[in-house]
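**Student:** Make one complex out of these two single chains by using the hints.
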Amino acid sequence: MESDEDLLARMVRGDEGAFAMLYDRFSAPVYSLALRMLGDRAAAEETTQEVFLGIWRGAGAFDPRRGSVRSWLLAQAHHKTVDALRRARLRATDPLPAQVAAGSEIEAEALRGVETGLVRDALGGLPAEQREAIILAYYGGYTQQEIAGRLQIPLGTVKTRIRDGMQRLRRQLVSEVQLDA
Amino acid sequence: MTHNQVAELLPAYALDALSPEEVRAVEDHVRGCQDCQRDLAAFTTVTAAMADSVLMTTPPPALRARVLEAVRPEVDVAVPRPVPHRARGLSFGWALGLAAAAAAVVVAVGAVGVILNQRLADLHTQLSRQTEQLNALSIRVTQQEQLLAIVTNPALKRATLAGSVVGDVQFVYDPASRLGALIVRNLTDPGQGRVYQLWLVAAAGAPQSAGVFRPVTGRSLVVPITADFTRYRAIAISVEQGPSGAPLPTAPPILSAIL
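Note that the protein sequences, when read in sequence, are chains A and B. In this text, residue positions in the first sequence follow our numbering: the first is 548, and each later residue adds one. In this text, residue positions in the second sequence follow our numbering: the first is 966, and each later residue adds one.
This is chain B alone, in the form it adopts within the complex (with noise of 0.2 Å):
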């Protein structure tokens, strides 16, 4: 189609009365043309103003609930944030809790395929370019599906973790990459003004701090934990004093799982 014949067009596109070829003919000549641009624009300017002179009616509360709930997704990303203090001394309540942890589920099936690494890099780079944007701490991914594939494939190390507190926590992670992910499933609220911490155990020395979170009740959370988990012989969780917990443990864990 010629520009003359889509420029004739242009007013028929704006009140959406083309046939459906017309409407591909002109919005293929429109991409490239920034004299059709402006006529459109125009063009939708006075559709616009036809939409706006109908008889105002207010939706109903309802409506406005159930759109804006269509749009959360289920699962919350938090970033975890870093504690910077130099740990110092151990709590006899750590023993007792790592204790716990030898008892926890351990699965490890299979090595890791080159696609799910790439997917978990691609959400952590995903992650660190997004808290940039927004300099929150909590932020929420809105690929649920990229997220569940990676807490539901097989291939990568999955630990539950097990102690005192009903809740469905999985760690999962891949050594190789060292990027991993802490899946937060029904876990009740720590409290007002605590937080969770979650805790990497070596062998010898002091538990490193890898973040804290809050979970919202009934909603999942993913905490992305980039790590060499080789280090490491266990992961953690203790309720701290918020908003960024403690250096140390200063509580047993109330969570645990042997790496």
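In isolation and in its complexed conformation, chain A is listed as follows (with noise of 0.2 Å):
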């Protein structure tokens, strides 16, 4: 099987071929990850849209050093999923007041759809306010100093929890075999 390098690396002439074939790999978890960060298979589509074309246009900028290919991907995926949800919560008309939702109810919410068994468990060995904050963070799409007014405590102590914790995480699920390979 082409490496996903070797694909980028044909997109980046014009191959569209290629580009049908790193589609056909990551677009389901592209799909899901934004479909269970929006709530809305519309919005989740449209944002899926988005992630490719992006790929698409920017194929040229990956940068081996900087991890592989799924990495980036995903990476460009959250990116623009959280950008999206960034937006919606702009728009709507009635938004949530910080104080409102506790931290424990977004976090529930957030698990649930957490299914793999290494990364939930991963997470689940977290002491409970690192992985509150590192799940607002990324299942939830929202910035340290918004996490910081949700749960009000000061800003650096979501930094540190958010850095603890994802120090530990890396330590669990990244081997650096993995990294180099």
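Hints listed in this document are in silico derivations from the structure and should not be mistaken for laboratory results. Check the hints yourself; a few may be wrong.
If you only want the chain B side, here are some residues facing chain A, beta carbon under 7 Å, derived [what the hints assert, rightly or not]:
#1 Met966
#2 Asn969
#3 Ala1016
#4 Val1019
#5 Thr1022
For each residue, glycine too, the CB sits at the ideal point set by N, CA and C.
**Tutor:** Laid out in structure tokens, this is it:
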């Protein structure tokens, strides 16, 4: 099977067949993440299309020193989904007051969608306050500043929780072998 | 921002949880810092695993069609394949064809700007580079705007081909730079195993093949041609045997224009 890197190289030369293959490899995770975060099929489809058109135009910007094609593509997917989420929140006529939704509710809601054992276990192994901050950031699409406001805790505390939690996840989920591959 | 300050922000950067100002500061630093690139690769692997761990849902097939359609350029570019054989005799039909060509509309307006020349030259450079890379007969160029600028600019010489078939076929060329392109719209398929072959016709001597092409129904096609156009009086198209055409036309031209 052709590597993801080879497909990207072909895409840089305008090869639509390579693009179709890349779409078939990654459309399900990209769409599923968008659907999970946006909770709306039409919005998830729109974001998925935006992600792949961005990949088509930006294939030449991929830098293997910064990780695999898979990581790069899913990072773009998350980034564009967060943008869509923030735009939707700005448009919302009746935004949820920051104080009303308690962190634990959002966290429970966020974790409901996390199915895969490995990541679920790794998240479950974190201290509750680190898990909460990371889930609000990643699946909830909130900035550290917004999380501090929601949880009514100092920004510095949020930063520490996210940093420490991510370091632990890194040790558990990322082996150096995986990175070199 | 110092290295240590940026390094502390990398986990939140990977989560897309930074302010726009922090994002800019991180990206400025990471571009030139190998340690941070390595750390960021690790944190991005973590977030990719988080993305992968949500409940998988197959996107609708209609989305696939929409996404793939969105990257298809509306204009095809075919690189004409040279026909290596020597010319010998001419069939009678070609005299008739050239009479029809005399009736074709010819428009030639003004001098060709330096910028346009450059764009056309760029297009040809780009095409030959891509041809080397792909080693394929037909390729597509994504810079449609560039092509359209060439096609629509009135400074280029332009000839509309006319004849026995319906089709919107124009030839634009610049005698000074020897660059030209055939613009094919709404030309029907030449038939199973057949190709359209393009000929440059001089006042005397046999027509010279400028390559073969096959349009895709419903799609526009651009066939770039390089030649000393001042040597030729007409351009003509005949239907020939595929895939590489004939050394000399074997059938009367179906479309032609006086240059």
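**Student:** Take the hints in turn and mark each one as holding or not.
**Tutor:** Comparing the hints with the structure gives:
1. Met966: 14 Å, violated
2. Asn969: 12 Å, violated
3. Ala1016: With a minimum Cβ separation of about 4 Å from chain A (threshold 7 Å), the hint on Ala1016/B holds.
4. Val1019: 4 Å, holds
5. Thr1022: 5 Å, holds
Checked against the numbered hints given earlier, the structure breaks hints 1 and 2 and satisfies all the rest.
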